[in-house]
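Top to bottom, those sequences are chains A and B.
Taking our numbering as reference, the numbering of the first sequence is continuous, increasing by one, and the terminal residue is 111.
Taking our numbering as reference, the numbering of the second sequence is continuous, increasing by one, and the terminal residue is 117.
Hints in this document: simulated from the structure, not taken from any laboratory.
Just to be clear, a hint being listed does not mean it is correct.
[Unchecked claim] Covered stretches of chain A (in silico footprint by chain B; criterion: 3 or more residues with CB under 8 Å from a CB of chain B, positions within the stretch not fixed): (1) 33 to 45; (2) 80 to 86.
[What the hints assert, rightly or not] For lysine-lysine, the following BS3-like pairs were computed, each having C-alpha atoms within a straight-line distance of at most 25 Å: (3) K64/B / K14/B; (4) K49/A / K20/B; (5) K42/B / K49/A; (6) K55/B / K14/B.
For each residue, glycine too, the CB sits at the ideal point set by N, CA and C.
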Amino acid sequence: GNSVTQMEGPVTLSEEAFLTINCTYTATGYPSLFWYVQYPGEGLQLLLKATKADDKGSNKGFEATYRKETTSFHLEKGSVQVSDSAVYFCALGGSARQLTFGSGTQLTVLP
Amino acid sequence: GAVVSQHPSRVICKSGTSVKIECRSLDFQATTMFWYRQFPKKSLMLMATSNEGSKATYEQGVEKDKFLINHASLTLSTLTVTSAHPEDSSFYICSARGDSQFGYEQYFGPGTRLTVT
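Chain A with its partners taken away, still in its complex shape:
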């Protein structure tokens, strides 16, 4: 079956530091890959997505590239801000359009 393995947190960075959150997946077929963000007390919001191999999703300075050869979809941002503090979830969308989530990574950015 489908599964997502995500880098465990928590991750604490200083403002303007470089961020990487690792995500690898196991899936049959050709799934879509997503990163969702959950700010404190709120629901999940779609941050970015990629639907096929070598696609790069990007939004708000965050990027992730769909790497089929390494079954990875690592999230990166060159310079994080305090407002980026949140929980980040990697997810895989299967053929039935159901989502399989990773365990989430708590990011705290200090001023």
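Put chain B on the given structure of chain A with help from the hints.
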């Protein structure tokens, strides 16, 4: 566009009582809605898939008689936790899948914090 609301945002109930949580798609129609449970510092666990006008499909290990799901219209799905127990305390999140206009993506509600005392 693509806003999903949940009501209530927080609820405290006594053990043995039932609680209903509503999930609404405010500006789009959703033939499919999903219900998730999120444990502290854990990922989201899909509980069931709710299709408008038909019975919900429950994931393995989820008691359908305990977690009643109704999807009576294209904009409303409800989750009723029956005979709640303290172990049912959790954060429940719904999502609604948009149509072709929204790329068939899932849009998430803000969640409902249930505490059973």
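Hints versus structure:
1. Only when three residues or more bring their CB closer than 8 Å to a CB of chain B does the claim for the stretch 33 to 45 of chain A stand; here the count is 6, and the claim holds.
2. A stretch counts as covered by a chain when three or more of its residues have a beta carbon under 8 Å from one of that chain; for the stretch 80 to 86 of chain A and chain B the count is 0, and the coverage is violated.
3. Distance hint between K64/B and K14/B is fulfilled; the C-alpha atoms sit about 21 Å from each other, no more than 25 Å.
4. Pair hint K49/A plus K20/B does not hold up; C-alpha atoms about 33 Å apart against a cutoff of 25 Å.
5. Annotation: proposed proximity of K42/B to K49/A holds, straight-line Cα distance about 22 Å (limit 25 Å).
6. With a CA separation close to 28 Å, the supplied pair K55/B and K14/B exceeds the 25 Å bound.
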